[in-house]
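Chain by chain, the residues:
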Amino acid sequence: MSRAATFERGIHPEESKELTAHKPVVTAPLPARVIIPLSQHAGAPAKAEVAIGDTVKKYQLIGSPQGFVSAPVHASISGKVTAISEFPHPSGRLVPSIVIESDGLDEGLPLTDNKDYMDLDADRIKALVKEAGIVGLGGAAFPTSVKLSPPKEKPIDTVIINGAECEPYLTADHRLMVEKPQEIVNGLKLLMKSVGVKKGYIGIEKNKPDAIDIMQKAVSGESNIEVIPLTVKYPQGAEKMLIKAVKGREVPSRGLPMDVGCVVQNVGTALAVYEAVRFGKPLIERVVTVTGNGVREPKNILARIGTRISELLDLSGGLVDSAVKVISGGPMMGFAQWSLDVPVIKGMSGLLVLTESEYVSSEEYFACIRCGRCVDVCPIGLNPSMLSILAEKGHYEEAKDYNLFDCFECGSCAFVCPAKRPMVQFMRLAKSQVKP
Amino acid sequence: MSTEAKTHPLVVSVSPHVRGEESISKIMWTVNFALLPAFIMSVYYFGPRALYVTGLCILTAVLSEHIYQKALNKKVTSNDGSAFLTGLLLGMNLPSGIPFYIPVTGSFVAVVITKMLFGGLGYNIFNPALIGRAFLLITWPKLMTKWPMPTANFLEMDAKTTATPLGLLKEEGLAKLIEHFGDKAALYKSLLFGSTAGSLGETSAIALLLGAAILLYKRYITWHIPFSFLGTVALAAWIFGGKEGLFTGDPVIHLLSGGLILGAFFMATDYVTCPTIRKGQLIFGVGCGAITMLIRLKGGFPEGVMFAILLMNCFAPLIDRNVRPKQFGAVKAVKEVKK
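Residue numbers (our numbering), protein chains in the order written: chain A, 1 to 436; chain B, 1 to 339.
If you're looking for bench data, these hints aren't it; they were derived computationally from the structure.
These figures come from a predicted structure and were not determined experimentally.
No residue lacks a Cβ here, since even glycine has one placed at the ideal position from N, Cα and C.
Certain hints may be false.
Unchecked claim - Quick look at which bits of chain A chain B covers, simulated, 3 or more residues with Cβ under 8 Å:
hint : stretch
1    : 104-111
2    : 362-369
To be verified - Derived BS3-like pairs (lysine-lysine); straight-line CA-CA distance at most 27 Å:
hint : chain 1 : residue 1 : chain 2 : residue 2
3    : A       : Lys-420   : B       : Lys-176
4    : B       : Lys-279   : B       : Lys-176
5    : A       : Lys-431   : B       : Lys-326
6    : A       : Lys-420   : B       : Lys-70
7    : B       : Lys-279   : A       : Lys-393
8    : B       : Lys-326   : A       : Lys-435
9    : A       : Lys-393   : B       : Lys-326
10   : B       : Lys-326   : A       : Lys-154
11   : A       : Lys-420   : B       : Lys-243
12   : B       : Lys-243   : A       : Lys-17
13   : A       : Lys-393   : B       : Lys-70
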């Protein structure tokens with residue numbers, strides 16, 4: 001493999017992907033009940049389109065988008081709506097959700113295989129993607145159709161599929177690339193068509209040589225699609241870092257990928273786009289890596305949206321006695337859960353369970369000794385040391401002068417901090433106290 | 001265990017949920033370790049008095065931090081290696097033949113007044129050990145500049161005192177200094193191995209560089225401050241240091257003497273009191289070098305490292321506020337798309 005592409009700075013946390021990297025995706029049994037939050041995406045929550053007592057079928061629209069940046073939600077099983085209320089959500093908040101009790105039949109609305117799906121025009125592709133409720137499956141859950149509809153003054157020339165999966169432990173994207181390469185490539189082609197670009201890339205970190213090989217074979221007939229091996233470094237999978245590595249372009253401060261002519265979509269999103277455009281299949285399931293030393297049998301599980309995470313943990317052999325922390329997502333940017341009754345949502349890439357010995361307290365920390373390690377690793381080139389001190393002292397306005405709002409909370413600064421300062425918490429605190 | 005049986009509550013805390021290996025105490029103890037070669041050389045040349053002086057410094061430093069934190073009901077961090085390091089560095093910056101109250105006073109000033117009263121580690125403006133030494137130099141100027149001859153023979157200890165190489169250079173000139181050591185090669189050799197008069201830990205350049213190499217290899221310090229500091233001193237010594245006009249100075253003598261190596265690698269690089277941004281560290285290093293040479297060539301003291309670093313410590317916050325790291329995406333978007 002030739003020289004790998006990357007960005008400046010960043011960190012090298014232990015990868016810990018061997019727990020699940022070679023385990024094929026298994027399908028979770030049909031859940032008896034699902035809790036489907038109306039807000040699983042960035043933007044406005046969807047509005048419930050069903051009432052308590054209604055019977056619904058799989059794939060049926062149960063929540064319609066409100067506004068441009070929003071996404072519809074669909075029933076992931078067939079059954080009866082038993083509750084519409086606020087339920088715990090992986091974000092830590094209570095979110096309006098629709099509860100469906102399964103009728104055990106898993107009866108779905110009919111899907112039709114449109115064999116000529118590649119001939120559809122850009123607007124039709126975008127419409128199908130929007131109707132399917134597809135959002136970014138990498139974690140941020142930004143509605144995909146919005147990314148595909150940039151304003152006229154922002155011409156797009158490149159689509160990049162994000163197969164970096166730079167978060168330690170997670171292997172959901174890795175397994176998808178190994179198991180469904182052709183579908184992902186077709187998804188990429190549809191994405192390229194929808195924004196009218198000639199050039200597509202698939203960026204994959206070099207710690208997944210099998211995925212790189214398989215994807216390279218899958219694109220061998222496509223002269224305008226290239227697989228780019230990436231240096232193994234966190235946060236290589238952040239949009240801005242990925243674009244820098246693949247195209248050498250820097251998304252401007254406070255800007256978006258479209259400012260440099262790029263659209264970035266996660267591997268899982270590409271697969272969902274393919275399924276939506278070809279079969280009209282709404283996004284009702286996703287692959288979740290259930291991993292960590294806190295579960296007995298780590299696995300990659302294809303689960304219906306709305307399945308309670310306790311079911312996935314039980315499916316993975318249950319928790320070990322010393323398990324203390326359950327994280328939705330990866331260890332660097334994931335959210336610690338307080339309840340195991342929260343549902344799988346569209347943006348949940350993994351469930352990581354850490355044990356007592358792996359738990360690091362963020363309660364005891366020291367004054368910043370200004371060693372500069374955080375400055376050396378910040379992928380955005382901020383001065384996290386200064387930002388954390390300003391936030392600690394309540395000088396939030398001044399923090400803005402140090403480009404506070406360019407921070408995307410990757411946690412690299414906190415990872416290297418010898419004073420064990422809760423850097424991400426400081427950033428969030430400051431951001432919450434001032435207007436961007 | 002099934003999740004149903006999970007009774008004790010889950011821990012919820014902010015990301016990231018994994019952390020790196022570095023810690024303040026690990027860093028501090030490593031720096032202490034890196035000073036070990038120079039400390040061993042100081043014991044070799046200055047005998048038991050080196051142990052006595054440095055030991056008193058360390059003991060006072062650690063004890064006063066401990067008592068201060070206990071008395072004020074603060075988190076006790078006296079075993080994190082930082083007070084130990086302040087004591088060790090102060091000891092290495094003192095001459096060997098001093099009475100006990102000098103190291104004790106110096107350590108107290110360094111730890112309690114310079115560090116703890118400002119809020120403890122992380123909040124101090126000045127390098128504690130250097131303030132300690134500056135205080136001692138001003139309070140007991142005679143005792144602090146009485147330099148016993150180094151000797152490997154313990155019985156001759158404290159027998160004779162002499163001037164430091166830079167003292168000789170300043171008072172009597174380069175020719176006399178070389179004459180004092182025999183020839184130039186002998187002078188350089190003495191400077192490298194440490195058989196010259198001076199503070200305990202400053203004399204052996206080789207031992208100090210060995211420790212510095214450890215810190216550079218571990219990336220506990222970077223090249224920015226030491227090399228800009230040393231480079232500026234070398235350049236200024238070469239250009240302005242000669243008696244026969246410009247560009248006739250001897251940079252080697254200036255580099256290897258007067259505690260420059262100790263200062264450049266172990267004291268100017270003190271995280272808390274130097275700039276955080278690498279670019280700013282270059283400014284800091286150049287400033288340290290320039291002030292050092294200004295004092296050495298034009299000032300009243302033969303050595304200038306201590307005051308140079310302390311003066312530049314004042315500028316560290318200003319430098320940090322005005323030098324920014326290279327920011328991602330500082331380029332204009334429009335230009336990029338057209339390319």
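When you check the alpha-carbon spacing of Lys-279(B) and Lys-176(B), does it fall within 27 Å?
It is violated: about 40 Å lies between the C-alpha atoms, which goes past 27 Å.
Run the distance test for Lys-279(B) versus Lys-393(A): straight-line Cα separation, threshold 27 Å.
holds, 26 Å
Do three or more residues of the stretch 104-111 of chain A come closer than 8 Å to chain B, measuring C-beta to C-beta?
With 0 residues close enough to chain B, the hint is violated.
Hey, Lys-393(A) versus Lys-326(B), does the alpha-carbon distance stay inside 27 Å?
Holds: Lys-393(A) and Lys-326(B) sit about 25 Å apart, inside 27 Å.
Given pair status - Lys-243(B), Lys-420(A), alpha carbons within 27 Å:
Violated, at roughly 53 Å.
27 Å Cα cutoff - pair Lys-420(A), Lys-70(B):
holds, 23 Å
Distance restraint between Lys-326(B) and Lys-154(A), which requires alpha-carbon spacing of 27 Å or less:
holds, 26 Å
Against the 27 Å threshold, does the CA-CA distance of Lys-393(A) and Lys-70(B) hold or violate the hint?
holds, 25 Å
Does Lys-326(B) pair with Lys-435(A) here, judged by a C-alpha cut-off of 27 Å?
holds, 24 Å
Is Lys-431(A) close enough to Lys-326(B), meaning Cα to Cα at most 27 Å?
Measuring from Cα to Cα gives roughly 22 Å; hence the hint holds.
Regarding the pair Lys-420(A) and Lys-176(B), is the alpha-carbon distance no greater than 27 Å?
Since the Cα atoms of Lys-420(A) and Lys-176(B) sit roughly 54 Å apart, the hinted pair is violated (cutoff 27 Å).
Verify this for me: three or more residues of the stretch 362-369 of chain A with a beta carbon less than 8 Å from a beta carbon of chain B.
holds (count 6)
Violation of the numbered hints given earlier is confined to hints 1, 3, 4, 11 and 12; the remaining hints are satisfied by the structure.
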